[in-house]
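Asker: Read off the chains here:
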Amino acid sequence: MTLGIDVRNLTVRFGDVVAVDDVSFTLSGGKIYGLLGRNGSGKTTLLSLLAAFAPVRQGKVLVGGAEPFENSAVTEKVCLIRERSIAPDGTTVKDILNDARVFRPAWDEKYADRLLDMFQLPRKKTVSRLSRGQQSALGITVGLASRASVTIFDESYLGLDAPTRYDFYDELLRDYMEQPRTIIMSSHLIEEVGRLFEEVLILDRGRLVSHEETDTLLTAGAAVTGPAHLVDEVTQGLTVLSQQQLGGTKSTAVYGKISEDAQARARSAGLEIGSLGLQDLFVHLTREREEPT
Amino acid sequence: MTALVDTPGRTWRRGLLCGRQLTVMMAYVGGLWFLPIVVVVFVGIGALQVATGGWGDLSWSSVWEHSLQPMRYFPLAMAIIVGAGMLPNYVSHGMTRREFSIGVGIMIAVVSVAFAVVGAIGLGVEDVIYGWFGESPEYTVPHLYADPGDVPLVLAQYALLTSAHMATGWLIGATYYRFGGYLGTAMLLVTLLPAIAVEFVLSVSYFGQVAQDGFGWDRPPLAVVIPACLAITAATCYGTYRFVRRLAIKP
Amino acid sequence: MFDDRSPIYHQIAEAIKNDILSGQLGADDQVMSTNQYAAFYRINPATAAKGFAQLVDEGVIYKRRGIGMFVSPDARERLLKERRERFFAEVVDPIVDEARVIGVPLTEIVARIQAYAGDANGGRRTGGDEQAGDDPVMRPDRGEEAGRHDTRH
Chain A
89 MTLGIDVRNL
99 TVRFGDVVAV
109 DDVSFTLSGG
119 KIYGLLGRNG
129 SGKTTLLSLL
139 AAFAPVRQGK
149 VLVGGAEPFE
159 NSAVTEKVCL
169 IRERSIAPDG
179 TTVKDILNDA
189 RVFRPAWDEK
199 YADRLLDMFQ
209 LPRKKTVSRL
219 SRGQQSALGI
229 TVGLASRASV
239 TIFDESYLGL
249 DAPTRYDFYD
259 ELLRDYMEQP
269 RTIIMSSHLI
279 EEVGRLFEEV
289 LILDRGRLVS
299 HEETDTLLTA
309 GAAVTGPAHL
319 VDEVTQGLTV
329 LSQQQLGGTK
339 STAVYGKISE
349 DAQARARSAG
359 LEIGSLGLQD
369 LFVHLTRERE
379 EPT
Chain B
1349 MTALVDTPGR
1359 TWRRGLLCGR
1369 QLTVMMAYVG
1379 GLWFLPIVVV
1389 VFVGIGALQV
1399 ATGGWGDLSW
1409 SSVWEHSLQP
1419 MRYFPLAMAI
1429 IVGAGMLPNY
1439 VSHGMTRREF
1449 SIGVGIMIAV
1459 VSVAFAVVGA
1469 IGLGVEDVIY
1479 GWFGESPEYT
1489 VPHLYADPGD
1499 VPLVLAQYAL
1509 LTSAHMATGW
1519 LIGATYYRFG
1529 GYLGTAMLLV
1539 TLLPAIAVEF
1549 VLSVSYFGQV
1559 AQDGFGWDRP
1569 PLAVVIPACL
1579 AITAATCYGT
1589 YRFVRRLAIK
1599 P
Chain C
74 MFDDRSPIYH
84 QIAEAIKNDI
94 LSGQLGADDQ
104 VMSTNQYAAF
114 YRINPATAAK
124 GFAQLVDEGV
134 IYKRRGIGMF
144 VSPDARERLL
154 KERRERFFAE
164 VVDPIVDEAR
174 VIGVPLTEIV
184 ARIQAYAGDA
194 NGGRRTGGDE
204 QAGDDPVMRP
214 DRGEEAGRHD
224 TRH
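Residue numbers (this note's numbering), protein chains in the order written: chain A, 89 to 381; chain B, 1349 to 1599; chain C, 74 to 226.
Keep in mind the hints are simulated off the structure, nothing from the lab. Careful, some of the hints might be misleading.
Unchecked claim - The calculated DSSO-like cross-link candidates involving lysine-lysine, where the alpha carbons are at most 30 Å apart (straight line), are:
{"#": "1", "chain 1": "A", "residue 1": "Lys212", "chain 2": "B", "residue 2": "Lys1598"}
{"#": "2", "chain 1": "A", "residue 1": "Lys212", "chain 2": "A", "residue 2": "Lys198"}
{"#": "3", "chain 1": "C", "residue 1": "Lys154", "chain 2": "C", "residue 2": "Lys123"}
{"#": "4", "chain 1": "A", "residue 1": "Lys198", "chain 2": "A", "residue 2": "Lys213"}
{"#": "5", "chain 1": "A", "residue 1": "Lys213", "chain 2": "A", "residue 2": "Lys182"}
{"#": "6", "chain 1": "B", "residue 1": "Lys1598", "chain 2": "A", "residue 2": "Lys345"}
{"#": "7", "chain 1": "B", "residue 1": "Lys1598", "chain 2": "A", "residue 2": "Lys148"}
{"#": "8", "chain 1": "C", "residue 1": "Lys136", "chain 2": "C", "residue 2": "Lys123"}
{"#": "9", "chain 1": "B", "residue 1": "Lys1598", "chain 2": "A", "residue 2": "Lys338"}
{"#": "10", "chain 1": "C", "residue 1": "Lys136", "chain 2": "C", "residue 2": "Lys154"}
{"#": "11", "chain 1": "C", "residue 1": "Lys123", "chain 2": "A", "residue 2": "Lys345"}
{"#": "12", "chain 1": "A", "residue 1": "Lys198", "chain 2": "A", "residue 2": "Lys182"}
{"#": "13", "chain 1": "A", "residue 1": "Lys212", "chain 2": "A", "residue 2": "Lys182"}
My request is simple: use the sequences and hints to build the entire structure.
Answerer: So this is what it looks like as structure tokens:
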């Protein structure tokens, strides 16, 4: 079973700080979603609410059509793996897996064993004595083997070296194809994980600035370079993400589709139109801009 | 698709599961580490007492009587860890706070009875051993029981004390988690009250002595005292549940 | 293998077309399943499926229910025809444009090309399949980026 997610006008405040600012989106479910945002953009806060780690005070969060907070019909199907283990001192790897086995209805013990072997995790060691990477690997093991209808990995790769991260991505894809479910991943390593996502959501200072299919997003931005006045002409009416000028040459990054017509005209006028990769687009969309005063 | 609605049946089933997990954890730490240490220590003290022919004035006073202290404070400490440590952990496993609170209640009940049984056995064994020397243990603080043979009263006293202390630990752990170290410590003035209250009302052990000597407290009939103690413990558990019900798990 | 500067499904379709053009994939050869493809290149399976769907739409590959996807018998022919048509628009025309800008007479270009024609079979291949030769599609290379990190044996 795959579960969809519906977030309506969600706002979260911590004192004066607005961590999540009037965010709304709908995920149809059964896909791999990427949640991108800089540190402090509200990703973790948002994901915590999907997994009922905290009550929703303003707005609405629905998972499978129901509110997750204090509703174990939902929470037993939602597994959020955070970057840091929160098991108390003295808890061993085995203890964590025992609890997961009891509380996760779709838990797959054999799969967990296989992942433990793959990550070479010692079962008897206490969690606090595991290295950073081992703790991440344990989180990944719990997250995948829980086979939860909604599985969320919030930067669950810290301390893992590149080969192990790629093992994680391979496992995630393989298991997702075998048991389709809703997977949400937040990561800073956009170059590594961008192609895993079917849809991408970008948060910037608590606001949702983009929610698109990955392939759509890849064509959503463009960098237009050439003589300044021509560049301005072509990019008129589009959302300008950034601009740079050197002498008479200007390079403008825009968000939005440049019409075929305009593209043809631009090219014949000698302008260069390059597409913005996911990483570039992310950087532009979440850049510190001077607030208009 | 069926609606994802929580039902009381599900809550209790998962609450029971949670209670089982917590109890097993307590049994592991308590049974494998704590109780053997307590037994060894007290047998050691007892042997020393026999070897030296008693401690002067305190000769043939009960050694096991003093086990009441660790037998309360250890479960209290464990309950703090349960409140502050296991709750976030179990929420991340998909537990609701309600289910977890039921689990804690079950754990407190089972562990209190188990500790009471151990306490009663200890007193009985001590009585037999002292008997070999033609003595019987003397108790230095007030108890519900006058004699280790009063098994129901021995069990009642140990169970009521242990459960009150565990409920208090659960409350302390939750306040520490919510308010942090400084405030949590300051709040001990209040959060320790349930445990002290039960000891006071029950009029046993050190606080019982204080109650009797210092406040002229006269223990009402057991038919009043025992339900009153149970009510304090239950109210503490329920109050803690109300407190954690909207608790946010920290990032 | 794939960059993230254009839609990935499009890149997938292009890669398979290149394999057909280069002969790596022959008529009625089975193509990897979308899931195999997704796992191999670490891409979202829905994205891979979209690439394959595009190829089915274009008639380059066809589906056999329950078995898999195969290269259409006339796929190579059609792709070659298409590429040849594009060749003039995308390769020759820009050459002419550029030549005019920098003042190279067209006769000079024609002479140059005729010189190539004079070489016995020394002509260069046309189309964009130069890289495809060492990229067998049933067991393809993972590409530089992936290969650098991949330690599995």
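Asker: Assess, step by step, whether the Cα of Lys1598 (chain B) is no farther than 30 Å from the Cα of Lys148 (chain A), and give holds or violated.
Answerer: Holds: Lys1598 (chain B) and Lys148 (chain A) sit about 20 Å apart, inside 30 Å.
Asker: Are the Cα atoms of Lys136 (chain C) and Lys154 (chain C) separated by 30 Å or less?
Answerer: holds (23 Å)
Asker: Is it true that the CA of Lys212 (chain A) sits at most 30 Å from the CA of Lys182 (chain A)?
Answerer: holds (6 Å)
Asker: Hinted pair, alpha-carbon criterion (30 Å max): Lys198 (chain A), Lys182 (chain A). Please report holds or violated.
Answerer: Satisfied, since the Cα-Cα distance of roughly 14 Å is no more than 30 Å.
Asker: Taken at face value, is the distance from the CA of Lys1598 (chain B) to the CA of Lys212 (chain A) at most 30 Å?
Answerer: This hinted pair holds, its Cα atoms lying about 27 Å apart.
Asker: Is Lys123 (chain C) within 30 Å of Lys345 (chain A), Cα to Cα?
Answerer: holds (21 Å)
Asker: Take a quick look at whether Lys1598 (chain B) and Lys345 (chain A) sit within 30 Å of each other, Cα to Cα.
Answerer: violated (41 Å)
Asker: Regarding the pair Lys213 (chain A) and Lys182 (chain A), is the alpha-carbon distance no greater than 30 Å?
Answerer: holds (8 Å)
Asker: Need the status of pair Lys212 (chain A), Lys198 (chain A): alpha-carbon distance at most 30 Å?
Answerer: holds (17 Å)
Asker: Straight-line Cα separation of Lys136 (chain C) and Lys123 (chain C) no greater than 30 Å?
Answerer: The given pair, whose Cα atoms are some 14 Å apart, holds under the 30 Å limit.
Asker: Can the restraint linking Lys154 (chain C) and Lys123 (chain C) be considered satisfied, given a maximum Cα separation of 30 Å?
Answerer: With a Cα-Cα distance of about 24 Å, the restraint between Lys154 (chain C) and Lys123 (chain C) holds, given a limit of 30 Å.
Asker: Between Lys1598 (chain B) and Lys338 (chain A), is the straight-line Cα distance small enough, at 30 Å or below?
Answerer: Roughly 47 Å between the alpha carbons, so the hint for Lys1598 (chain B) and Lys338 (chain A) is violated.
When each numbered hint is compared with the structure, violations occur for hints 6 and 9.
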